[in-house]
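Asker: Sequence:
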Amino acid sequence: AITKKGSKYLRTTLYRVIIPVIRHNPAFNNYYHLKRNQGKGHLCALGHCVRKLLRIIYHLETNNLSFDINSLK
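Just so you know, this note's numbering puts 67 at position 60 of the sequence shown, and the rest follows in order with no gaps.
Calculated from the structure, these hints are not laboratory results.
Among the hints, erroneous ones may be present.
Think about it this way: if two alpha-carbon atoms lie no more than 30 Å apart in a straight line, the pair counts; the simulated BS3-like pairs of lysine-lysine are [unchecked claim]: (1) 42 / 15; (2) 12 / 47; (3) 47 / 15; (4) 42 / 11; (5) 11 / 47; (6) 12 / 59.
Turn these sequences into a full structure, and let the hints guide you.
Answerer: Given below as structure tokens:
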């Protein structure tokens, strides 16, 4: 569940960023539809996708890696 802690501007930006990512990236599209099929609502499924994107960004930055679309699950 999303909380009201933290920057509302960052949260809004992340939700705006994730929509085209879901549309154009098959891994995120599959993950979004998986969450929807599990009975999650639209905003909840978007929240799951945002968290997945943040985990990927964090992993890439902490390990000094470049993004490879083929490595997404």
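Asker: Taken at face value, is the distance from the CA of residue 59 to the CA of residue 12 at most 30 Å?
Answerer: holds (19 Å)
Asker: Has the given pair, residue 42 with residue 11, been kept, meaning a C-alpha gap of at most 30 Å?
Answerer: Holds: residue 42 and residue 11 sit about 22 Å apart, inside 30 Å.
Asker: Taking 30 Å as the top limit, are the C-alpha atoms of residue 11 and residue 47 close enough?
Answerer: holds (20 Å)
Asker: Take the C-alpha atoms of residue 47 and residue 15, compute the straight-line distance between them, and say whether it is at most 30 Å.
Answerer: Holds: residue 47 and residue 15 sit about 22 Å apart, inside 30 Å.
Asker: Within 30 Å, alpha carbon to alpha carbon, are residue 42 and residue 15?
Answerer: holds (24 Å)
Asker: Quick one, are residue 12 and residue 47 close enough, alpha carbons at most 30 Å?
Answerer: Holds - the C-alpha atoms of residue 47 and residue 12 are around 22 Å apart, at most 30 Å.
Of the numbered hints listed earlier, not one is contradicted by the structure.
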